[in-house]
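Please put together the full structure from these sequences, using the hints given.
Residue numbers (my numbering), protein chains in the order written: chain A, 17 to 461; chain B, 1237 to 1594.
One thing to keep in mind: the hints can contain errors.
Claimed, not checked - Result set (DMTMM-like, lysine to aspartate or glutamate): computed pairs, CA atoms no more than 25 Å apart in a straight line: (1) Lys413/A to Asp355/A; (2) Lys1251/B to Asp82/A; (3) Lys206/A to Glu181/A; (4) Lys72/A to Glu1431/B; (5) Lys1493/B to Asp82/A; (6) Lys1252/B to Glu128/A; (7) Lys353/A to Asp380/A; (8) Lys70/A to Asp1483/B; (9) Lys259/A to Glu193/A; (10) Lys1254/B to Glu130/A; (11) Lys199/A to Glu173/A; (12) Lys1252/B to Glu173/A; (13) Lys353/A to Asp439/A; (14) Lys93/A to Asp132/A; (15) Lys1251/B to Glu181/A; (16) Lys1254/B to Asp255/A; (17) Lys33/A to Glu1284/B; (18) Lys1251/B to Asp380/A; (19) Lys1254/B to Asp132/A; (20) Lys1251/B to Glu128/A; (21) Lys87/A to Asp150/A; (22) Lys352/A to Asp373/A; (23) Lys1252/B to Asp82/A.
Stated by the list, open to error - Covered stretches of chain B (in silico footprint by chain A; criterion: 3 or more residues with CB under 8 Å from a CB of chain A, positions within the stretch not fixed): (24) 1299-1306; (25) 1406-1413; (26) 1425-1438; (27) 1468-1477.
Unchecked claim - Pairwise CB distance ranges (calculated): (28) Glu155/A to Phe1296/B: 51 to 61 Å; (29) His41/A to Thr1255/B: 49 to 59 Å; (30) Glu130/A to Tyr1583/B: 36 to 46 Å.
Quick caveat, the hints were computed from the structure, so don't treat them as lab data.
Every residue gets a Cβ at the ideal spot worked out from N, C-alpha and C, and that includes glycine.
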Amino acid sequence: MVELKVDNIDCYYESTKIIENISLHTQTGQFVGILGPNGSGKTTLLKSISHTLKPKVGTIILGDQDIYTMKAIDVAKQMAVVSQGSTVAFSFTALDVVLMGRSPHLSRFAIESEKDVAIAKNAMAYTGTLHLQDRLITELSGGERQRIIISRALAQEPQVLLLDEPTTFLDVANQLEIMDLLKRLCDDKKLVVVGVFHDFNLAARYCDSLILLKNGKIVATGNTDILTSENIKTIFNIDTIVKQNSMTKTPYIIPLSINHAAPKRSLTVHIICGAGSGSSLMKQLIDDGYNVTAGVLNLLDTDQETASFLKIPITTEAPMSPISEVAHNNNLQLIKKADFVIVTSFPYGYGNIKNLDAALYAVDQGIPTFMIDEYAYLIGLQDYTKGQAQEKLQLLKNKGITSVKDEPALLAALNCLAKKHADHKTIAPQPVTTVIAELPEEVSP
Amino acid sequence: MSSVADLKQLYKKDKKRKTLGLLSIFIFIIVAVVVSISFGAGSPGFSEAANVVLSKLFPFLNIAPEPMLTQKIILDLRLPRIVLALIAGAGLAASGATMQGVLRNPLVSSYILGISAAAGFGAALAIVFGVGVITSVAGSLVIINAFVFSMLAILLVCGIARLRSMNTETVILGGVAVGYLFSALLSLIQYIAPEHQAVRSVVFWLMGGLNTATWNSIMFVLPMVVLTFVLMFSQSWDINVLSMGEDVAKSLGVNSKRVLTITMVLEALATAAIIAFTGVIGFICLISPHIARSFIGNDHRFLIPGSALVGAGLLLCSDTVARLVFVPTELPVGIITSLLGVPFFIYILLTRRKQNWR
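In structure tokens:
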């Protein structure tokens, strides 16, 4: 099989350097994804590999020959290109379009033989488009057209297939179908597939190796493990949570928009939460400029993962373990430093009932404390402590914890207090009830 | 999904449809030839014409010879005119199909690439001032001038296009520019021409006509048209690939710049050779490919010969009408090609099912 080796290439448009020192070595059957923001040189790299833009420095070896010493027609016998959103001026039938892939194998004057037709039809059968052969290419849907174009590439009988954003403009079902097809080409036909992609989740799921580009340079290259939050931050300047798709064991990336421009407040909010009930609140409070702490959270709890992603100071306990005295005391230390405390609604068991004691501590300390009562009426169902938790909740209410119905109401209340705080420079401990009187109407218990 | 055998059948059926289409134009042309040879300003009709042609083709049949005048009308007036109409129509239409395909533009014709204007300028130069590139051959000044200036135009276009990069845009823009240049020069000649008669001749030449057809002109035009046609046809697969876009063609190993240059030179040679003798007959090369496309499709291996047949039929038909409408005088064929061709073209535009241009 033919190997593709790109070594230290620099490419220019006129005198502008577009890509610099790019290397890429592929093995038979490898699916390589090129990722990077717009203008990072992905398409230029692909053009350079596809014998279209000769690099000023470096070599591109296909088999044992530098492609720029080969004739275009000889390169086309080994390497096929699916370029970006190709427009077709003439309406050819799908079969005619696929037959054009036989071009490099035909001599002048030669009309395609039965063999060429058979190869074209095999390619169409492989991509599941044989039934479209007599339809005009201009009448096909985007997904169908893309599969016809890939069929044409396959009719070239290439060993290397290059694709520029083959899934851009396609719906999600067609995207998966195209990617499945490309993966099959790698696995069954042992093709080397090099594709430019925009969707890093799609690339992470299908590609064997990745190249991350920024400003024409490689930021990272390797298997899908290089899709770390840090690397993605480097190339796209966005915050992401990188998880693992437990079904495919591939990275799964959730992009977030974090408001880094929010004015910082000198207020600290401590959240008593668990089981994911505090995650969205953490993000919103950070976006609003608060300092946030949380606890006690078990390791591997969703809230703990969020907190560690958002770099929030927390008190933790070992996974699946009841809150120890040490962790509880650490939690109380955090609460002591907080300007506000929030208790979210989450299920209570003997393991985490100490968190309600922490909330009682906060109320006793005179720290304005809120409880999100979203499903308070369900508390009976959320209480796995034979009523102990309910008792403590009742006690909290008796002691004057402020109950709000949901997160928007809570944020409104907090911002209202924060403004007051900003006006007085300092927020003196005061009876919670007086605060409630000033809250917006819908926040009142 | 249907079986592979069924699909093969379908594929063959498609080819059959194209072959059938080509065959029907062929029959139409034969009918047109028969009609054209049987009617005209002179008295000879169908039977006389048949006698003359048959006795010439098959001397052993011992057909009673027609009078000399009849023979002269058929063999030296009507027949060369028919043959030239067929050759010219075929050559112009094949060039049009090739250029529209290569430049991926449905509006391309020899007008657009400046050839017609340059030929007109060359002809006017000869008619008005008697100035020519080669003056030694008597009576052929207009023809040689028209041919030489046509080639000059296409060389200019190629040169302009090559200065940037040889692609469809630069060729079309270069062609339009060169066309305007020669139109301006042509107007200038007409404006400063000392004699009215000369200006009238120029105008008449520009309208085009086959009335000057002789076997001598055919001896020059036929080899040119055959040669360029074969060479254009040899590019037809590459033109197919090129119509998918220049990037795609490149990735399939087709050198678009080379194909573009070759076809442009071929188109210029064919067109220049024809219009040097006939004057400007522009519309045929624009419309014939569109008519052919409507039943043949876009595969240039069929489209180029198909367009040639359509062009041949269309020009012969137009010329016959031009000859017969106001017997014994005749109209310039250029007027008739447009008058006949445009309604037919619009009819095809409105009734075709397939959308051939996106």
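(message) Hint check: Lys1251/B vs Asp82/A, CA-CA at most 25 Å. Holds or violated?
(response) The hint is violated at about 41 Å.
(message) Please verify whether Lys353/A and Asp439/A have alpha carbons no more than 25 Å apart.
(response) Holds - the C-alpha atoms of Asp439/A and Lys353/A are around 21 Å apart, at most 25 Å.
(request) Verify the proposed pairing of Lys70/A with Asp1483/B, using a straight-line Cα cut of 25 Å. (result) holds (14 Å)
(message) With the threshold set at 25 Å, check whether the alpha-carbon distance from Lys1252/B to Glu128/A stays at or below it.
(response) Cα-Cα ~16 Å, so holds.
(message) Run the distance test for Lys352/A versus Asp373/A: straight-line Cα separation, threshold 25 Å.
(response) With Cα atoms ~14 Å apart, Lys352/A and Asp373/A stay inside 25 Å; holds.
(message) Hinted pair, alpha-carbon criterion (25 Å max): Lys353/A, Asp380/A. Please report holds or violated.
(response) holds (14 Å)
(request) Quick one: see if chain A covers the stretch 1468-1477 of chain B, three-plus residues with Cβ-Cβ under 8 Å. (result) This one holds; 5 residues, not fewer than the three required, reach chain A with a Cβ under 8 Å.
(request) Sort out whether Glu173/A lies within 25 Å of Lys199/A, counting only the CA atoms. (result) Holds, because 16 Å separates the two Cα atoms, which is no more than 25 Å.
(request) Given the range 51 to 61 Å, decide if the beta-carbon distance of Glu155/A to Phe1296/B lies inside it. (result) With a Cβ separation near 58 Å, Glu155/A and Phe1296/B satisfy 51 to 61 Å, so the hint holds.
(request) Check whether three or more residues of the stretch 1406-1413 of chain B sit with their beta carbon closer than 8 Å to a beta carbon of chain A. (result) Contact hint for the stretch 1406-1413 of chain B vs chain A: violated, 0 residues under 8 Å.
(message) Just to be careful, I want the Cα atoms of Lys33/A and Glu1284/B compared with a cutoff of 25 Å; is the pair within it?
(response) violated (78 Å)
(message) Can you confirm whether the C-alpha distance between Lys1252/B and Asp82/A stays at or below 25 Å?
(response) Cα-Cα ~45 Å, so violated.
Violation of the numbered hints given earlier is confined to hints 2, 4, 12, 15, 16, 17, 18, 21, 23, 24, 25 and 26; the remaining hints are satisfied by the structure.
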